[in-house]
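Asks: Each chain, letter by letter, is given below.
There are 2 protein chains.
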Amino acid sequence: MTQRPATQRMDGTARRAQIRRVAAELFDASGYRETSMDDIAGAVGIKKASLYYYFPGKDQLLVELHEEMIDLIIAQQQERIDAGGHTNQQMLLAIMTDLIRLQETHPGHLKIFFEHFRELPPDVRASVRQKRDQYRDMLVTVLSDGTRDGSFGDIDVDLTAMAVLGMANWTYQWFRPGGRRGAAEVAEYFWSQILTGIAPA
Amino acid sequence: MTQRPATQRMDGTARRAQIRRVAAELFDASGYRETSMDDIAGAVGIKKASLYYYFPGKDQLLVELHEEMIDLIIAQQQERIDAGGHTNQQMLLAIMTDLIRLQETHPGHLKIFFEHFRELPPDVRASVRQKRDQYRDMLVTVLSDGTRDGSFGDIDVDLTAMAVLGMANWTYQWFRPGGRRGAAEVAEYFWSQILTGIAPA
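Chains as they are written, first to last, in numbering that gives the first Met the number 0: chain C, 0 to 200; chain S, 0 to 200.
Wrong hints could be hidden among the right ones.
[Unchecked claim] Derived, one-sided and incomplete: chain C residues facing chain S with beta-carbon distance under 8 Å: (1) 114; (2) 117; (3) 143; (4) 155; (5) 164; (6) 165; (7) 168; (8) 185; (9) 193; (10) 197.
Since the hints were made in silico from the structure, they are not lab data. Every residue, glycine too, gets a C-beta built ideally from N, C-alpha and C.
Work out the full structure: start from the sequences and follow the hints.
Replies: So this is what it looks like as structure tokens:
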């Protein structure tokens with residue numbers, strides 16, 4: 000991690016986003032508990048007092064990292080629902096792409112999301128859990144609607160949702176941005192496998 | 000967690016296994032860092048000095064939990080290879096079943112395995128990583144051999160291995176032993192989905 004110079008005239012929203020991004024990288028590289036507010040301030044290139052102005056503590060950073068993530072993918076799927084015109088097979092691909100692309104747009108965040116959920120304050124944990132359920136329900140709806148309209152065969156939608164989430168979310172353990180295959184390519188490959196299977200045609 | 004009475008005349012191997020099992024449950028329920036050696040001794044129903052006789056510290060417990068897990072699934076697959084007579088499609092089902100069944104035979108272990116790997120001492124981490132790679136290679140071999148003998152179509156074996164591991168390992172986030180579907184049933188359902196897909200026939 001190289002030290003980042005503090006950018007002049009960065010507005011509050013941009014600064015918060017910058018701090019979240021840098022903190023996520025540090026948490027990912029060194030661990031949440033092992034990373035101090037000092038480390039974060041140093042990596043952002045601001046004084047510790049300035050960091051505390053934006054985030055009263057690491058907990059608040061952890062909360063925002065969780066909420067940013069889940070709010071983003073919910074909004075992406077909601078936009079597609081509102082826009083209309085997608086088949087359920089296309090919706091499934093889009094959801095898988097959204098999830099895997101987080102590894103490129105938010106490197107390190109998903110690891111924090113999955114492994115530090117327990118450390119969120121109870122009220123935030125409840126809110127994040129409710130949104131996770133909401134997102135899973137969005138996926139289940141795509142699978143249910145698609146079963147009715149002939150996009151998918153006669154499937155157990157709950158188990159299929161867990162299979163899809165498993166393929167997509169597990170990328171947090173192995174996918175590295177900038178590698179041989181991009182997120183969209185991996186998503187499309189997984190999607191084609193879950194659609195048509197790996198047995199010979 | 001109810002307190003367990005210390006069993007009389009338990010031999011060393013059985014006692015170590017009992018301690019590992021109880022510790023895994025506590026780590027899973029309360030977190031690795033939040034669980035003390037006192038908590039573990041109390042839950043097993045032995046004196047703290049006895050616990051230290053078997054495990055000089057929590058680190059050693061974490062090490063054994065990791066090694067127990069990975070050694071077990073490697074041995075299970077190696078036995079099948081040695082026995083012979085399995086098709087590659089059957090081998091794939093067996094691997095997925097082995098992985099998901101860990102949720103029933105070793106509840107809580109997989110969460111520890113995936114989320115506390117970083118906290119292992121470096122030499123142990125290297126050893127566990129090498130065995131994880133060995134296990135992934137066993138899966139890749141099944142997929143490669145199966146592509147050659149016509150069990151599977153023309154697949155990218157490395158990406159397919161990640162899809163399979165994702166479906167199976169992600170169960171650590173949602174599967175609860177004693178629920179509506181057992182591990183073998185979930186494994187068979189996921190296996191049939193990855194084999195033949197969810198698109199209408």
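Asks: Would you list, in rising numerical order, the hints stated earlier that this structure does not obey?
Replies: 3
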